[in-house]
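Asker: Listed below, chain by chain, are the residues.
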Amino acid sequence: GAVVSQHPSRVICKSGTSVKIECRSLDFQATTMFWYRQFPKQSLMLMATSNEGSKATYEQGVEKDKFLINHASLTLSTLTVTSAHPEDSSFYICSSPGGEMNTEAFFGQGTRLTVV
Amino acid sequence: GNSVTQMEGPVTLSEEAFLTINCTYTATGYPSLFWYVQYPGEGLQLLLKATKADDKGSNKGFEATYRKETTSFHLEKGSVQVSDSAVYFCARRNSGNTPLVFGKGTRLSVIA
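One line per chain: the protein sequences are E and C, in this order.
Those letters in the first sequence? Residues 267 to 382, per this note's numbering, in order.
Those letters in the second sequence? Residues 217 to 328, per this note's numbering, in order.
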């Protein structure tokens, strides 16, 4: 099946610094990438949708200036957490819908971010 | 709107016990339905899916049937193993390029 590769899997950063998370589609072209956040013992909540070549759309309550999303090519989407704070510590995971004919979505491995 | 409701956990079972995790969805559109599993420290893996009413998804001894009349997609397994300990998410999706909507997840612990 299709593979989405997400890096890094774990990152620890200091408050005030920025962290970039990458998601690459390895064997298909991902025109759309969904970014989710999962707090401990909670479900995945959609943060934003990135589309190749256009601006990302953010869900209500998600700060677009804090969570910068770039989808510059059909195989790479990035999420940058800017000026990170401890409350941004979470599990971030990307997902591509895999195309109109695919009912299944393909997930990256996830990134556990810890801000200290 | 679109939502998924699944039973609250945690669920603790002895090995070889029967498992049911209830999941219901709001009846908007014609969603595809999914169960994903998340093992400790890992990302999500698709466990099974069903794309239309009366379809049964099955994998690794787990199964779930898409019931339109009760808007349900309950997950069942006849005999759980310790290795099934994980968090299980029910999810729905309306069409090809829309995001999945997840339930809150149910943590399953199976003890030997």
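Please keep in mind that the hints were generated in silico from the structure rather than gathered at the bench.
A portion of the hints provided could be inaccurate.
[To be verified] For the chain C half of the interface with chain E, some residues (derived, Cβ under 10 Å), not all of them: (1) F250; (2) G259; (3) L316.
Glycine included, every Cβ here is placed at the ideal spot set by N, Cα and C.
Asker: Could you tell me which of the hints above the structure violates, numbers in ascending order?
Answerer: Hints that this structure does not satisfy do not exist here, as all of them hold.
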